[in-house]
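Here the protein sequences line up with chains A and B, keeping their order.
Under the working numbering, the first residue of the first sequence carries the number 1, and numbering increases by one thereafter.
Under the working numbering, the first residue of the second sequence carries the number 1, and numbering increases by one thereafter.
Take these hints with a grain of salt, some might be off.
Below, a list of computed lysine-lysine pairs in the DSBU-like style, where the Cα atoms sit at most 35 Å apart [unchecked claim]:
| no. | chain 1 | residue 1 | chain 2 | residue 2 |
| --- | --- | --- | --- | --- |
| 1 | A | Lys350 | B | Lys34 |
| 2 | A | Lys150 | A | Lys264 |
| 3 | A | Lys570 | A | Lys540 |
| 4 | B | Lys34 | A | Lys293 |
| 5 | A | Lys183 | A | Lys265 |
| 6 | B | Lys34 | A | Lys636 |
| 7 | A | Lys570 | B | Lys34 |
| 8 | B | Lys34 | A | Lys183 |
| 9 | B | Lys34 | A | Lys328 |
| 10 | A | Lys651 | B | Lys34 |
| 11 | A | Lys449 | A | Lys570 |
| 12 | B | Lys34 | A | Lys77 |
| 13 | A | Lys540 | A | Lys174 |
| 14 | A | Lys350 | A | Lys77 |
| 15 | A | Lys174 | A | Lys328 |
| 16 | A | Lys183 | A | Lys304 |
| 17 | A | Lys66 | B | Lys34 |
| 18 | A | Lys67 | B | Lys34 |
| 19 | A | Lys264 | A | Lys67 |
Listed below are several chain B residues computed to face chain A (Cβ distance under 10 Å; list not exhaustive) [as the list claims (entries may be wrong)]:
| no. | residue |
| --- | --- |
| 20 | Gly8 |
| 21 | Glu11 |
| 22 | Leu32 |
| 23 | Met42 |
| 24 | Thr59 |
These are computed hints drawn from the structure, not numbers from a lab.
Beta carbons are placed, not taken as given, at the ideal position from N, Cα and C, and that holds for glycine.
Residues per chain, in single letters:
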Amino acid sequence: MSTQLKCKESLEETEGNIDAAQQTAQGRVITVAVAGNPNSGKSTLINAIAGTRLHVGNWAGVTVEKKEAQLEYAGRKIRLVDLPGTYSLSPYTQEEIVARDYLVNERPDLIVNVVDATNLERNLYLTVQLLELGIPVVMALNIYDEAQAKGYEIDVEGIEKMLGVAVVPTSATKKTGLDELFKSVLAAADDLAGHMPRKLIYGEDIEAAAEQVADELRHRNLPLSGRYPQRWLLLKLMEEDSHVLEQMKLDRLDFLYQALHHLKKAHGDDMESIMADARYSLASGLTREVLQKPELRQMELTEKIDRIVLNRFLGIPIFLGAMWLLFKLTFDLSAPFGGWIGAMTEGPFKRWASALLLPLGAPDWTVSLVNDGVIAGVGSVLVFVPVIFAMMFFITFLEGSGYMARAAFVMDRTMHSIGLHGKSFIPMLLGFGCNVPGIYATRTLENPKDKVLTALLVPLMSCGARLPVYVVFVSAFFPNNSSTVIWSLYVMGILLAVLMGLLFKRTLFRGEAPMFIMELPPYRMPSFSSLCVHTWEKGKHFLFKAGTYIFAVSILVWFLLNLPWGVQHKRDSYLGQAGAVVAPVFQPLGFGNWEAASSLISGVIAKEIVVGTMGEIYAPQKDEKGEVPTLKEDLKEIAVSFGAACNKAVKTLFYLPVPEEKEKDRSSLRHALQGVFTPLSSYAFMVFVLLYMPCVVAIAAMRQEFGTWKWAVVGLVYQTMLAWSAALIIYQGGSFLGFGG
Amino acid sequence: MIPLGILGAGECGEIVEILLGKTETSAVRGELEKTAIRVEDMGIRVGRSVEMLKNGGGTVLLRVDESRIAIARRMAMKIMVRR
Numbered sequence: 001m002s003t004q005l006k007c008k009e010s011l012e013e014t015e016g017n018i019d020a021a022q023q024t025a026q027g028r029v030i031t032v033a034v035a036g037n038p039n040s041g042k043s044t045l046i047n048a049i050a051g052t053r054l055h056v057g058n059w060a061g062v063t064v065e066k067k068e069a070q071l072e073y074a075g076r077k078i079r080l081v082d083l084p085g086t087y088s089l090s091p092y093t094q095e096e097i098v099a100r101d102y103l104v105n106e107r108p109d110l111i112v113n114v115v116d117a118t119n120l121e122r123n124l125y126l127t128v129q130l131l132e133l134g135i136p137v138v139m140a141l142n143i144y145d146e147a148q149a150k151g152y153e154i155d156v157e158g159i160e161k162m163l164g165v166a167v168v169p170t171s172a173t174k175k176t177g178l179d180e181l182f183k184s185v186l187a188a189a190d191d192l193a194g195h196m197p198r199k200l201i202y203g204e205d206i207e208a209a210a211e212q213v214a215d216e217l218r219h220r221n222l223p224l225s226g227r228y229p230q231r232w233l234l235l236k237l238m239e240e241d242s243h244v245l246e247q248m249k250l251d252r253l254d255f256l257y258q259a260l261h262h263l264k265k266a267h268g269d270d271m272e273s274i275m276a277d278a279r280y281s282l283a284s285g286l287t288r289e290v291l292q293k294p295e296l297r298q299m300e301l302t303e304k305i306d307r308i309v310l311n312r313f314l315g316i317p318i319f320l321g322a323m324w325l326l327f328k329l330t331f332d333l334s335a336p337f338g339g340w341i342g343a344m345t346e347g348p349f350k351r352w353a354s355a356l357l358l359p360l361g362a363p364d365w366t367v368s369l370v371n372d373g374v375i376a377g378v379g380s381v382l383v384f385v386p387v388i389f390a391m392m393f394f395i396t397f398l399e400g401s402g403y404m405a406r407a408a409f410v411m412d413r414t415m416h417s418i419g420l421h422g423k424s425f426i427p428m429l430l431g432f433g434c435n436v437p438g439i440y441a442t443r444t445l446e447n448p449k450d451k452v453l454t455a456l457l458v459p460l461m462s463c464g465a466r467l468p469v470y471v472v473f474v475s476a477f478f479p480n481n482s483s484t485v486i487w488s489l490y491v492m493g494i495l496l497a498v499l500m501g502l503l504f505k506r507t508l509f510r511g512e513a514p515m516f517i518m519e520l521p522p523y524r525m526p527s528f529s530s531l532c533v534h535t536w537e538k539g540k541h542f543l544f545k546a547g548t549y550i551f552a553v554s555i556l557v558w559f560l561l562n563l564p565w566g567v568q569h570k571r572d573s574y575l576g577q578a579g580a581v582v583a584p585v586f587q588p589l590g591f592g593n594w595e596a597a598s599s600l601i602s603g604v605i606a607k608e609i610v611v612g613t614m615g616e617i618y619a620p621q622k623d624e625k626g627e628v629p630t631l632k633e634d635l636k637e638i639a640v641s642f643g644a645a646c647n648k649a650v651k652t653l654f655y656l657p658v659p660e661e662k663e664k665d666r667s668s669l670r671h672a673l674q675g676v677f678t679p680l681s682s683y684a685f686m687v688f689v690l691l692y693m694p695c696v697v698a699i700a701a702m703r704q705e706f707g708t709w710k711w712a713v714v715g716l717v718y719q720t721m722l723a724w725s726a727a728l729i730i731y732q733g734g735s736f737l738g739f740g741g
Numbered sequence: 001m002i003p004l005g006i007l008g009a010g011e012c013g014e015i016v017e018i019l020l021g022k023t024e025t026s027a028v029r030g031e032l033e034k035t036a037i038r039v040e041d042m043g044i045r046v047g048r049s050v051e052m053l054k055n056g057g058g059t060v061l062l063r064v065d066e067s068r069i070a071i072a073r074r075m076a077m078k079i080m081v082r083r
């Protein structure tokens, strides 16, 4: 009874839909879903439109990225919802399910369908499916400039006439056609009923069968049928779509069997294939009608580049070279700015904090908490913001330029040999920036086994947060070959991932690796603004972590270091005591001191905290300088040193000599470390930091991604064991070979 | 009719048939079918002509229209083409 009632209500709702939609014209927010193929320039288009107004989150329940933006155009409020890029709406990948569920259940007012003009047929296949939904569609015929450059002639009006949708040629990279696109969107929003897409005819026999099924449906008065667009529901039932059947709680399909039996027999195929073929013939027929291609196809730049980049012998060396360049650019460009931020927090910020707090009568311990806890802790992390943003920038460049997909292709063979998919490479690569997005990126893999195995190996990729630890140690112990030492750690992570992959493949994950399918997009020069937007999206994870999480932890660590009250020596503090308890475990690894152990304990929260804690443990005694600079002098110094940092970054990049200057920041920590560690034990320590348990955030990500603690725990245990063994081998082996001094 | 997977680089062929599950066990067959649907969604389907761009290793690179799609050789061997 209640289902019946519900059904009626929802029926009315659908009928009332158009009225409600017309109110849109009077100032309600217009919801526009943006759908399109991967590589159709959809995200570039969204960025060009929304820029920094984009809000990035996740679709409920799954870890597919959801982008939204609220904007105003000509005084009208528009809510853009970016759907994941899909080739189809068949429910086989998580992206497809998300896109489809959104369109069917949330019913946006409009769909903007981004279509790659250089790949019409395949893109129109998705368009045909979108038109089934009974939602007005505006087509952005994107990459139109490139299609024209190729000599394609596209009959834009022809598409409009045949599909009954507005078509606007656009170029997201050149930002052309966006105004017209918005105008079409508003025009359609003002008259939704008048912009309902045309019903496409799928062929006589299919339509005849559809008529029969529709009749049956009318007789049966199925519950919930009003929830779905009628045409779409009909076609999905005919396809025997398992999701729809399940949602409608239909298990008996006798009436379908009757209607479809004939069709199946005539085509000698299953319904899903018959329907897919019908849609595809529509797409390809339409393409034939509207597209004129030049007789001779030119060999494109993309193909020329691919000949070299994907060459059997050159592919991997080029890939390694690209990675080396990535790191070189990242570090050379960002290091001076990191130094600048460091100098700023060490000097002026602490002075300002004291100047503010002392006149207020704040007790000494508060000043110490703020200076040595908060400013020193967060500051030592902020120092690395330039490095992380620079790395994210170049990774984004690799993604946007199209090289990232080639890297996956080139690496497929190697990845395959450790039981992984070539695509697993991308989460791994992202892991270099931060393991957390790397773990989330495993969702691009279809096979659950691949996902888990990849996520277990991602933390072996040395993330940006481990870099601060290396930088401090390397500058103290290996100032002359800093890049080489850091590079060796990255390589070690990769080699161990290969080793562990092989091991896991033989033990936990037996069986054949799934098949590789991937599109290699054409090479494109990503626009600077879209690079910046994406860099920001990736980097802000780190920034906010530094801002909130690490802020809290810094305070906690300060308390642990300064409690019990009146503790004289840091060793007697709670953290020092805990470190002292654990320290013997690290004795054979060459760093069995309480300072190192305490830092490692706090580093479980996030690995960059290792440096923060060390900074606090070895915090320099405040040496009273004779003259305290005024606020004005401080501000001037900040500006001047920023200019110097820019200058230095440019010069290092081009190998120009940089005048040696005395670096004040961190020198005290460096000196302290030189007294405790040897070069060999510092290397063992860095290896340990590289490998030991993933940070809490990464563990949480694994828990979220797989819905169970099991794999997070597996990762935690195996990594810590691996870290201990590797550091042991390095320290003991190194001592044996005489590098101990 | 020959398998797509044996076309040399630079050769073109028109897809005639995608063979599925004639000899495989049901588990492998399920995976193949799923892969076949994804491949078809990307435009590699009966009637289309494709060009082999690169053949060697476990993955082949095809050109379909203006897109380049890499697929596992195992799948490419199931796609029958006419030169």
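Structure-based check of all given hints:
no. : hint                : verdict
1   : A:Lys350 - B:Lys34  : 61 Å, violated
2   : A:Lys150 - A:Lys264 : 41 Å, violated
3   : A:Lys570 - A:Lys540 : 34 Å, holds
4   : B:Lys34 - A:Lys293  : 32 Å, holds
5   : A:Lys183 - A:Lys265 : 48 Å, violated
6   : B:Lys34 - A:Lys636  : 64 Å, violated
7   : A:Lys570 - B:Lys34  : 61 Å, violated
8   : B:Lys34 - A:Lys183  : 40 Å, violated
9   : B:Lys34 - A:Lys328  : 42 Å, violated
10  : A:Lys651 - B:Lys34  : 53 Å, violated
11  : A:Lys449 - A:Lys570 : 47 Å, violated
12  : B:Lys34 - A:Lys77   : 41 Å, violated
13  : A:Lys540 - A:Lys174 : 27 Å, holds
14  : A:Lys350 - A:Lys77  : 45 Å, violated
15  : A:Lys174 - A:Lys328 : 30 Å, holds
16  : A:Lys183 - A:Lys304 : 39 Å, violated
17  : A:Lys66 - B:Lys34   : 25 Å, holds
18  : A:Lys67 - B:Lys34   : 28 Å, holds
19  : A:Lys264 - A:Lys67  : 41 Å, violated
20  : Gly8                : 14 Å, violated
21  : Glu11               : 15 Å, violated
22  : Leu32               : 8 Å, holds
23  : Met42               : 5 Å, holds
24  : Thr59               : 5 Å, holds
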